[in-house]
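Participant: What follows is each chain in one-letter form.
2 protein chains.
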Amino acid sequence: MKLETFFEPKSVAVIGASSDKTKVGYALLYNILSGSKRDVYPVTLKQEEVQGLRAYKSVLEIPAEVDLAVIAVHADFVAGILRDCAKKNIKNAVVISAGFKEAGEKGKEMEKELTQIAQENGIELLGPNCLGFMNTQSNFNASFAVGNLRPGNISFLSQSGALGTAMLDWANKEKVGFSKFISLGNEASLSEMEFLEYLEQDESTKAILLYVEKISDGPRFIDVVKKITAKKPLIILRAGRSVRGGEAVMSHTGSLAPADAVFTAACKQAGAITVSSLRELFNFAKLFQMGMYKPVSKIAIVTNGGGPSVNTADLVDLSSSLELVTFSEETKEALKKVLPSMAAVGNPIDVVGDAGSSRYDDVFKILNTVEDIDAIICIVTPQMMTDVEAISQVIVAHSKEKPILASVMGGDFVRRGIEVLEQGGLVNFEFPNDIVETLDLLSCGKNKKSTLVSHAPGDSNLAMLGIEETMKLLNEYGIHFSGVLMKKRDDIPAAIEKLGGTSFSLKAISPDIIHKSDAHAVLLNLGGVPEINYGWNKIIEEIVNNIPTAKIEGMFLQKMRDGKQLIVGMKRDPIFGPAVLFGFGGIFVEILNDVTIRIAPIDREEAFAQIYEVKGYPILAGARGEKLNEIGGLADIIVALSKLSVEHPEIEEIDLNPIMLSENSATAVDARMMVKKE
Amino acid sequence: MKLETFFEPKSVAVIGASSDKTKVGYALLYNILSGSKRDVYPVTLKQEEVQGLRAYKSVLEIPAEVDLAVIAVHADFVAGILRDCAKKNIKNAVVISAGFKEAGEKGKEMEKELTQIAQENGIELLGPNCLGFMNTQSNFNASFAVGNLRPGNISFLSQSGALGTAMLDWANKEKVGFSKFISLGNEASLSEMEFLEYLEQDESTKAILLYVEKISDGPRFIDVVKKITAKKPLIILRAGRSVRGGEAVMSHTGSLAPADAVFTAACKQAGAITVSSLRELFNFAKLFQMGMYKPVSKIAIVTNGGGPSVNTADLVDLSSSLELVTFSEETKEALKKVLPSMAAVGNPIDVVGDAGSSRYDDVFKILNTVEDIDAIICIVTPQMMTDVEAISQVIVAHSKEKPILASVMGGDFVRRGIEVLEQGGLVNFEFPNDIVETLDLLSCGKNKKSTLVSHAPGDSNLAMLGIEETMKLLNEYGIHFSGVLMKKRDDIPAAIEKLGGTSFSLKAISPDIIHKSDAHAVLLNLGGVPEINYGWNKIIEEIVNNIPTAKIEGMFLQKMRDGKQLIVGMKRDPIFGPAVLFGFGGIFVEILNDVTIRIAPIDREEAFAQIYEVKGYPILAGARGEKLNEIGGLADIIVALSKLSVEHPEIEEIDLNPIMLSENSATAVDARMMVKKE
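Listed in order, the protein sequences are those of chains A and B.
The working numbering applies: residue 23 is where the first sequence begins, and numbers increase by one.
The working numbering applies: residue 23 is where the second sequence begins, and numbers increase by one.
To be clear, the hints were calculated from the coordinates, so they are not data collected in a lab.
We put the beta carbon where it would ideally sit given N, CA and C, even for glycine.
Take these hints with a grain of salt, some might be off.
As the list claims (entries may be wrong) - In silico contact screen, one side only, chain A against chain B (beta carbon under 10 Å); selected entries: (1) G169; (2) G186; (3) P330; (4) V332; (5) N333; (6) G375; (7) G432; (8) K509; (9) K510; (10) R511; (11) K593; (12) R620.
What the hints assert, rightly or not - Pairs of lysine-lysine, DSS-like flavour, derived with a Cα cap of 25 Å: (13) K248/B with K665/A; (14) K290/B with K665/A; (15) K130/B with K358/A; (16) K637/B with K290/A; (17) K320/B with K128/A; (18) K586/A with K32/B; (19) K359/A with K538/B; (20) K130/A with K32/B; (21) K320/A with K134/B; (22) K128/B with K354/A; (23) K128/B with K358/A; (24) K123/A with K59/B; (25) K586/A with K586/B; (26) K123/A with K354/B; (27) K320/B with K359/A; (28) K248/A with K665/B; (29) K637/B with K637/A; (30) K68/B with K24/B; (31) K43/A with K24/A; (32) K538/B with K586/A; (33) K195/B with K128/A; (34) K359/A with K59/B; (35) K130/A with K359/B; (36) K358/A with K123/B; (37) K637/A with K290/B; (38) K358/B with K123/A; (39) K665/A with K123/B; (40) K354/A with K123/B.
From just these sequences and the hints, can you work out the full model?
Facilitator: Set out below in structure tokens:
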């Protein structure tokens with residue numbers, strides 16, 4: 023396997039090794055010597071002996087084969103040394119030294135020389151300007167980072183050395199282990215690509231974290247990422263996401279597909295998971311330390327504290343891929359037997375504040391028998407009786423059966439408990455939402471739950487107000503909603519005359535039909551008496567076929583109107599009173615859910631703020647802001663509906679849907695009001 | 023002020039006080055005695071003396087006035103004791119005892135009795151079933167929580183005791199101080215409302231955190247929240263958000279405005295900030311500990327490590343309210359003077375990995391002179407040379423001038439630095455994204471930045487391919503795009519005959535007009551030769567008036583088509599190659615940005631996945647999934663465009679916009695292709 027000797031050299035030359043503790047060359051040699059036994063040859067011009075080893079003046083002097091050269095000398099000398107390495111037939115090298123591409127024109131030239139020497143001599147070259155690398159599998163640390171990594175199954179590839187040092191120091195604190203860590207530096211020769219290819223093959227790497235700022239070869243990247251993600255998860259944090267500079271585009275597609283969106287799409291398409299913040303990246307390190315490499319969906323929550331668990335249940339419920347397991351009656355009965363009467367045996371399971379470790383133990387025993395739990399989130403809060411240490415021991419003991427992701431919340435009081443978790447090979451999440459968010463990201467949109475707004479009316483105790491009464495009420499508050507209720511066909515000519523115009527809509531009026539479109543009880547663009555007559559027949563036919571029991575009170579004739587379809591509505595909230603909703607109408611309101619809500623009373627200023635708040639606001643104002651004047655009429659409707667709702671407490675719900683907004687007017691085209699059944 | 027004696031009693035009776043360290047009554051008395059000196063009277067039936075104080079058998083025996091009774095006895099005895107308190111004219115009481123409403127029917131009855139006694143005797147009653155409360159201002163801890171809070175300016179009101187204990191223990195670890203903490207318990211008498219009213223008035227409370235599961239009185243809540251937020255920030259975490267159970271609704275508005283959305287809207291309208299996770303709530307505690315009570319927008323970032331700062335800059339840029347300050351040339355020059363040549367003097371300022379504390383000091387001195395910086399985010403990573411302790415001292419010293427929010431990242435290596443920050447009254451954020459996210463939430467949508475997709479074409483080196491060539495290429499790949507290019511008016515009759523149908527669209531063809539609608543170079547719904555002739559004139563007139571230099575090559579006549587407007591496009595990415603975009607067309611694509619991107623080559627399965635991914639997918643499939651067959655034609659277009667893009671590397675961008683999707687067909691109504699200028 024390519025790079026095998028690189029990662030597991032039997033002999034290493036450390037060029038620029040030092041006895042001076044403030045030098046990089048000291049830390050490098052020290053770290054290499056602190057690992058497993060291998061032949062190490064310090065090279066330095068200054069001393070005879072370095073850190074107890076005989077030092078050589080040049081790699082050429084070393085009286086044995088050398089698998090890997092680690093170079094930390096002034097940039098000016100690196101090329102010469104690399105040539106010596108080539109002469110000595112050294113096939114792997116790490117250049118730690120800075121002062122190349124990142125330092126200006128001269129450095130750029132010097133870096134090109136390194137690339138060339140590596141290419142001509144077949145040297146696998148990491149760097150320059152990097153921290154080095156670590157391989158815990160062979161207990162080898164060829165970096166100048168402070169301290170060693172714990173062994174583990176995660177490999178971390180970073181284009182930022184600073185992020186590397188932060189991650190290493192953090193990982194030791196959090197007891198997260200790594201297999202390989204590679205600081206990529208300037209990538210004069212080896213790039214993220216070769217290391218990704220190596221890590222794909224590397225069996226001791228079970229998950230990969232990647233921090234990138236740029237990718238050198240897109241198609242090859244997609245290819246290797248696809249191969250990796252068929253075997254193991256790959257988490258990518260890309261920095262420089264927001265920068266769109268210099269992208270001159272002429273098409274819509276061009277402006278809608280900036281480089282960042284393309285990068286994210288490419289990663290996703292290849293099966294990688296992209297994250298957007300350091301916390302998300304570091305949280306994945308914790309999740310992988312827990313051995314969770316594959317998406318899960320069914321979650322159980324166990325807790326001794328209400329608040330944190332209710333919030334966690336909320337987040338699971340609102341996540342895109344996770345759901346709370348519904349326990350069977352048998353499971354609930356079993357839980358009831360081991361828990362006090364005040365405990366909650368739904369999901370979350372609340373073992374109550376005074377719970378000792380045995381209560382957690384009992385609960386885990388039962389949950390281990392429930393097949394469709396993928397993972398348990400266990401939240402422990404520090405209460406007076408809480409023996410965090412003993413509870414943590416129980417968590418460790420049971421974590422062999424089903425994964426238990428723990429959030430032991432607090433500070434000094436819980437510290438010992440967290441230590442027990444860590445000694446047991448587990449990690450602790452400071453807050454349970456970190457667990458939910460990371461698990462949800464791990465699913466990578468694959469288990470997408472439906473987010474469609476449900477319209478199931480259920481057993482309602484609401485009845486619809488008659489159309490004439492609705493019209494009267496609306497007009498009384500200055501909301502324009504007009505039409506003529508026709509009881510019989512003979513009424514058509516008079517209705518046409520009353521409304522004026524040449525194009526009409528026709529709707530059946532029935533207390534049994536709430537959603538008229540669904541019932542095919544609406545026809546649009548009818549032109550005159552014969553067409554309306556024909557439409558009348560057609561609607562009756564549809565209703566007779568589909569809802570034969572529906573009582574039809576007549577037909578409602580309205581002038582056709584153009585414009586943008588909006589919705590204004592009201593729902594009386596049991597706690598806050600009338601909640602007035604505004605948003606885009608038609609099918610977009612159902613799917614995109616782009617609505618805003620205000621509590622009545624609403625004044626005109628507040629109504630404008632409400633309209634401004636919808637994402638689609640620019641559609642109303644015109645993408646270039648030229649149609650602000652139309653919006654006044656819309657604000658008036660919101661204010662009027664708010665007033666109506668306050669003054670008519672008997673009305674439970676109102677839909678003005680759609681409201682047609684045109685240049686001259688905002689008019690309700692359909693309206694319904696719901697009142698409590700008597 | 024109401025509740026003043028409650029929070030600052032001169033004399034306290036502790037009923038159920040105990041010498042047994044495992045009892046709540048022990049912790050309560052112990053905590054009260056550990057505070058400032060006040061008269062404390064233990065009441066217990068069992069002993070003569072408790073924790074060194076003389077004990078009384080009943081409050082009635084106490085030979086002095088009592089301001090506050092703290093009760094922790096078995097639930098059965100609480101009512102009797104509360105009656106004794108009333109007799110003794112005690113006006114304030116806390117009932118710690120559990121076993122009331124939460125414990126079933128009998129408990130509910132007992133709780134009603136408490137409510138009644140409190141009402142009849144004018145007793146301010148907190149609880150039952152609560153942790154108690156703390157007031158660091160008068161050094162008074164009337165709770166059985168372990169340990170005391172640090173003094174501070176934040177007050178925390180919680181309907182969950184468990185969350186309270188977790189927050190307290192955490193706050194001590196993180197060195198966050200509080201003014202008041204109140205565990206609300208069952209709210210038999212005093213509710214969140216009275217305490218919010220108190221905290222609004224309380225001058226030592228500069229910010230409020232509230233955890234609620236239910237609100238008792240909506241309008242009163244809105245009222246008090248409005249008063250509070252006029253003076254100080256209020257952060258609300260509501261749990262039970264996902265539960266929609268039992269809400270029977272019949273209107274669209276009903277289903278679009280579930281109780282949770284109404285609650286959030288009410289809070290926002292009243293000026294409160296709602297958060298959705300424990301981490302967000304706890305992060306606000308840190309922000310307020312830093313004295314940041316008011317929204318900020320202009321941010322400077324200082325760091326010694328590239329990766330973390332680039333990611334932080336991304337998040338600032340992508341936030342809804344924050345922006346990176348653009349430094350003046352003078353500022354940049356000043357920075358250059360104190361920093362090495364490799365340092366970055368833009369924003370973020372990268373002081374480079376080997377930076378000592380003096381380099382940070384120099385930078386802060388300069389930033390303090392820059393007026394339009396609201397806050398500095400300072401990121402420190404642990405590198406070999408990094409003296410975290412000294413750098414932290416510099417941060418503390420300068421934090422008096424402008425707020426410096428620090429993220430010292432790592433573990434053991436940086437621990438001392440974090441301690442220095444905390445000793446200096448600052449807090450540390452584990453990751454810088456916590457700072458950005460919390461600051462963004464603090465602005466509460468008030469500083470909303472524009473999120474409109476920009477269409478600025480800039481200086482493009484792209485030219486548009488001719489319409490006939492475009493048509494030919496598309497048809498070659500099976501993408502339906504048809505029309506007739508008419509060079510002169512005489513071509514109209516033949517064009518009509520070739521296209522068939524009765525309704526047409528007419529567009530000017532010009533290499534100088536990319537966005538035809540913007541240039542008024544499109545007319546729709548033209549009916550025959552005379553109308554098309556008239557339209558021809560009208561378009562010419564518009565162009566002559568608006569873009570007199572535009573070269574017009576002819577007019578393009580197409581059959582009008584109905585259906586849903588979609589967009590399929592391609593942009594050649596410099597790294598990944600052809601990126602194919604799909605989304606909703608028309609104005610919605612620009613505003614809602616509901617698009618998905620895949621890298622070519624795309625097969626049919628991948629194309630279906632791409633279509634499925636847009637949020638508006640149900641609009642295509644029909645909200646009830648009945649129109650799946652239409653989507654095949656759309657997938658074919660995506661696959662064909664992908665193939666075309668791969669095989670024609672000279673094409674840089676393609677827009678098929680709109681594509682009209684109807685029951686029978688998917689047809690491109692407009693198309694343009696951009697190639698590199700020669």
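Participant: Could you run down the list of hints and mark each one as holding or not?
Facilitator: Hint check results:
{"no.": "1", "hint": "G169", "in the structure": "7 Å, holds"}
{"no.": "2", "hint": "G186", "in the structure": "8 Å, holds"}
{"no.": "3", "hint": "P330", "in the structure": "6 Å, holds"}
{"no.": "4", "hint": "V332", "in the structure": "4 Å, holds"}
{"no.": "5", "hint": "N333", "in the structure": "5 Å, holds"}
{"no.": "6", "hint": "G375", "in the structure": "6 Å, holds"}
{"no.": "7", "hint": "G432", "in the structure": "3 Å, holds"}
{"no.": "8", "hint": "K509", "in the structure": "25 Å, violated"}
{"no.": "9", "hint": "K510", "in the structure": "29 Å, violated"}
{"no.": "10", "hint": "R511", "in the structure": "30 Å, violated"}
{"no.": "11", "hint": "K593", "in the structure": "5 Å, holds"}
{"no.": "12", "hint": "R620", "in the structure": "6 Å, holds"}
{"no.": "13", "hint": "K248/B with K665/A", "in the structure": "20 Å, holds"}
{"no.": "14", "hint": "K290/B with K665/A", "in the structure": "20 Å, holds"}
{"no.": "15", "hint": "K130/B with K358/A", "in the structure": "21 Å, holds"}
{"no.": "16", "hint": "K637/B with K290/A", "in the structure": "16 Å, holds"}
{"no.": "17", "hint": "K320/B with K128/A", "in the structure": "37 Å, violated"}
{"no.": "18", "hint": "K586/A with K32/B", "in the structure": "66 Å, violated"}
{"no.": "19", "hint": "K359/A with K538/B", "in the structure": "73 Å, violated"}
{"no.": "20", "hint": "K130/A with K32/B", "in the structure": "75 Å, violated"}
{"no.": "21", "hint": "K320/A with K134/B", "in the structure": "40 Å, violated"}
{"no.": "22", "hint": "K128/B with K354/A", "in the structure": "24 Å, holds"}
{"no.": "23", "hint": "K128/B with K358/A", "in the structure": "20 Å, holds"}
{"no.": "24", "hint": "K123/A with K59/B", "in the structure": "67 Å, violated"}
{"no.": "25", "hint": "K586/A with K586/B", "in the structure": "15 Å, holds"}
{"no.": "26", "hint": "K123/A with K354/B", "in the structure": "22 Å, holds"}
{"no.": "27", "hint": "K320/B with K359/A", "in the structure": "58 Å, violated"}
{"no.": "28", "hint": "K248/A with K665/B", "in the structure": "20 Å, holds"}
{"no.": "29", "hint": "K637/B with K637/A", "in the structure": "14 Å, holds"}
{"no.": "30", "hint": "K68/B with K24/B", "in the structure": "35 Å, violated"}
{"no.": "31", "hint": "K43/A with K24/A", "in the structure": "34 Å, violated"}
{"no.": "32", "hint": "K538/B with K586/A", "in the structure": "22 Å, holds"}
{"no.": "33", "hint": "K195/B with K128/A", "in the structure": "50 Å, violated"}
{"no.": "34", "hint": "K359/A with K59/B", "in the structure": "48 Å, violated"}
{"no.": "35", "hint": "K130/A with K359/B", "in the structure": "24 Å, holds"}
{"no.": "36", "hint": "K358/A with K123/B", "in the structure": "19 Å, holds"}
{"no.": "37", "hint": "K637/A with K290/B", "in the structure": "16 Å, holds"}
{"no.": "38", "hint": "K358/B with K123/A", "in the structure": "19 Å, holds"}
{"no.": "39", "hint": "K665/A with K123/B", "in the structure": "38 Å, violated"}
{"no.": "40", "hint": "K354/A with K123/B", "in the structure": "22 Å, holds"}
Hints 8, 9, 10, 17, 18, 19, 20, 21, 24, 27, 30, 31, 33, 34, 39, counting from the list given before, are not met by this structure.
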